[in-house]
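Top to bottom, those sequences are chains A and B. My numbering numbers the first residue of the first sequence as 1 and each following residue consecutively. My numbering numbers the first residue of the second sequence as 1 and each following residue consecutively.
Hints were generated in silico from the structure; no laboratory data involved. Don't take each hint at face value.
[Said to hold, decoys possible] In silico contact screen, one side only, chain A against chain B (beta carbon under 8 angstroms); selected entries:
| id | residue |
| --- | --- |
| 1 | T3 |
| 2 | L35 |
| 3 | I38 |
| 4 | V42 |
| 5 | A48 |
| 6 | S55 |
| 7 | L56 |
| 8 | I63 |
| 9 | F64 |
| 10 | T67 |
| 11 | A71 |
| 12 | A74 |
| 13 | I75 |
| 14 | L80 |
| 15 | V81 |
| 16 | Y84 |
[What the hints assert, rightly or not] Far from chain B by the CB rule (all over 10 angstroms, computed), these chain A residues:
| id | residue |
| --- | --- |
| 17 | I17 |
| 18 | E36 |
| 19 | I95 |
| 20 | E97 |
Glycine included, each C-beta is placed from N, C-alpha and C at the ideal position.
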Amino acid sequence: MLTLTHYLILSFTLFSIGVAGVLLRRNIIIVLMSLELIFNSVNISLAAFSYFLRSLNGTVFVIFNITVAAAEVAIGLAILVTVYRARRTVNVDEIDELRG
Amino acid sequence: MEQLFFYIFAFAAVISAILVISVRNPVHSAFFLIVTFMQVAAIFILLRSPFLAAVQVFVYVGAVMVLFLFAVLVLDMGKETMKEHLHGQSIPAGVMAVILFLLMCYMVVKGRIVANPGSYGEAALVNNTEVIGRELYTRFIYPFEIVSLILLVALVGAIALVMQSKGKEQGK
Numbered sequence: 001m002l003t004l005t006h007y008l009i010l011s012f013t014l015f016s017i018g019v020a021g022v023l024l025r026r027n028i029i030i031v032l033m034s035l036e037l038i039f040n041s042v043n044i045s046l047a048a049f050s051y052f053l054r055s056l057n058g059t060v061f062v063i064f065n066i067t068v069a070a071a072e073v074a075i076g077l078a079i080l081v082t083v084y085r086a087r088r089t090v091n092v093d094e095i096d097e098l099r100g
Numbered sequence: 001m002e003q004l005f006f007y008i009f010a011f012a013a014v015i016s017a018i019l020v021i022s023v024r025n026p027v028h029s030a031f032f033l034i035v036t037f038m039q040v041a042a043i044f045i046l047l048r049s050p051f052l053a054a055v056q057v058f059v060y061v062g063a064v065m066v067l068f069l070f071a072v073l074v075l076d077m078g079k080e081t082m083k084e085h086l087h088g089q090s091i092p093a094g095v096m097a098v099i100l101f102l103l104m105c106y107m108v109v110k111g112r113i114v115a116n117p118g119s120y121g122e123a124a125l126v127n128n129t130e131v132i133g134r135e136l137y138t139r140f141i142y143p144f145e146i147v148s149l150i151l152l153v154a155l156v157g158a159i160a161l162v163m164q165s166k167g168k169e170q171g172k
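With the rest of the complex left out, here is chain B (with noise of 0.2 angstroms):
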């Protein structure tokens, strides 16, 4: 039954994301895209991360996605996408995306695990949330201090570089 699921979210995980590249206008990409998080969120549940599943909905959903298609509609881009064009590289990159993706799947095949298995079990894992939440506090708290500076910055680098030319187009 979890083999059925799991094939369902992958495929549709998979076709979408193929859809998301091949597409030509950027809106239809960027809601393909939505559908590809929700399956990538679909798997966190299959993998007993329910939080994670739950942190995905909300910020790349929630969050990332509305930047896309505010930025997609802001920036009016309907003139340039209908002449899309195949650029003279085209097919050496596909060909080499093509052999990463077999080379990546040898090495996973042909590779084998020497660690040890922790102690976090299924049954450890029930109260998902709650473990996560103990273990990001205790050991992981430089890091998560570390990431909340990087929020920080990332909201102000963010706020300056729009406010910075706008100030220009002012003073014109």
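Next comes chain A alone, as it looks inside the complex (with noise of 0.2 angstroms):
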């Protein structure tokens, strides 16, 4: 019998996949998938949740994700083409001019 646990474990290695690539890897292009698969993973823990309680409210949470997640992929992309043409880079170690 499949039970919420199964879902909510599925989702928390999912997310701690996503958080390790984003501590792991160096290239910002990774970094963001990274974070997209942190997305999905907290939408796989909202729909679980929303199926085992019987209510709706997860679901609607769920597609407003989505969309809040399509607009931050598209700033984050355009940041990142106007980063790379301005320091020709896509290594987060080298962009810390706001470092103190």
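Please assemble the complex out of the two chains, which come individually in their own frames, going by the hints.
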């Protein structure tokens, strides 16, 4: 029998892989992809709660989440293109002008 | 039967997610990310939300991944990917990710649900799209409008960011 725990553990596994990708990789586009992975794991979590609690709020929030993720990707990639034109690098270690 | 399919989709999703963050070529990463998104869409179908699965395939695989592939191809990152080096903080970062995962698993196994179940059982979700659409345009009308504003801001912002740098290059 599938329970909420199955889906939540799948969601947390994907979340941890996404966090590991953000922390481990230096290529900024892989970091953005890991962010998408994190968004997706949260969506699984919300949809699972929505199904097992017999409520529709989680499902509606997944739709809003997907919309916000799409907007985030559009802005993120625009910033990425601008940064690449200015700095000629995609390594996040070299984009550190704002560090104190 | 449902359990078997859940494990197939879950293992495929986790393995391709690990490949996303471990392969060196960003194009291969993007394709493995597409595989993960398709598995997540299948998980949504197991959760009786076919509308979410369709939206997932349209928006993520159709729009987001095309944007990613476009960015990877336009930016020409072939040179940087070859000399991928693990930086000095990789061991603490990996340990922290594992600790985060174990902590979340501990909390979800120990936790219990105290909320009361709502009225949307499997019978109410047969007309999935209709039910979601009615809810979206009645109870969630204000978040819906705000989200449309967010999309507008993202559209204008993305165009403005790229236009500005193009104008500077022409000015030189």
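Now for the hints, and whether the structure bears them out:
The criterion of a C-beta within 8 angstroms of any C-beta in chain B is not met by T3/A, whose closest approach is roughly 10 angstroms, and the hint is violated. For the restraint placing L35/A at the interface with chain B, the shortest Cβ-Cβ distance is roughly 11 angstroms, beyond the 8 angstroms limit, so the hint is violated. A cut of 8 angstroms between beta carbons decides the hint on I38/A: the least distance to chain B is about 10 angstroms, and the hint is violated. Annotation: V42/A was flagged as interfacial toward chain B, and the flag is violated, the nearest CB pair being 11 angstroms apart, outside 8 angstroms.
Because the beta carbon of A48/A sits about 6 angstroms from the nearest beta carbon in chain B, less than 8 angstroms, this interface hint is met. Against a cut-off of 8 angstroms between C-beta atoms, the interface hint on S55/A holds, since the closest Cβ of chain B lies about 4 angstroms away. Of the supplied interface hints, the one on L56/A holds, with its beta-carbon coming within about 5 angstroms of a beta-carbon of chain B, less than 8 angstroms. Contact between I63/A and chain B, as hinted, is supported at the beta carbon level, the nearest pair being about 7 angstroms apart and thus within 8 angstroms.
Taking 8 angstroms as the C-beta contact cut-off toward chain B, the hint placing F64/A at the interface holds, the least distance being around 5 angstroms. For T67/A, the interface hint holds, the least distance from its beta-carbon to any beta-carbon of chain B being 5 angstroms, beneath 8 angstroms. Look at A71/A: its Cβ gets to within about 3 angstroms of chain B, closer than 8 angstroms, so that hint holds up. Interface restraint check: A74/A against chain B, minimum CB-CB distance 5 angstroms, threshold 8 angstroms, status holds.
Nearest Cβ of chain B to the Cβ of I75/A: about 5 angstroms, under the 8 angstroms cut. The hint holds. Nearest Cβ of chain B to the Cβ of L80/A: about 6 angstroms, under the 8 angstroms cut. The hint holds. A cut of 8 angstroms between beta carbons decides the hint on V81/A: the least distance to chain B is about 6 angstroms, and the hint holds. Among the interface hints, the one on Y84/A holds; its C-beta lies about 5 angstroms from the nearest C-beta in chain B, closer than the 8 angstroms criterion.
At the 10 angstroms boundary, the C-beta of I17/A falls inside the reach of chain B, the nearest C-beta of that chain being 5 angstroms off. Remark: the non-interface label on E36/A conflicts with the geometry, its nearest Cβ contact in chain B lying 7 angstroms away (cut-off 10 angstroms). For I95/A, the non-interface assignment is confirmed: its Cβ lies about 13 angstroms from the closest Cβ of chain B, beyond the 10 angstroms cut-off. Listed as outside the interface, E97/A is consistent with that label: its C-beta sits roughly 16 angstroms from the nearest C-beta of chain B, beyond the 10 angstroms cut-off.
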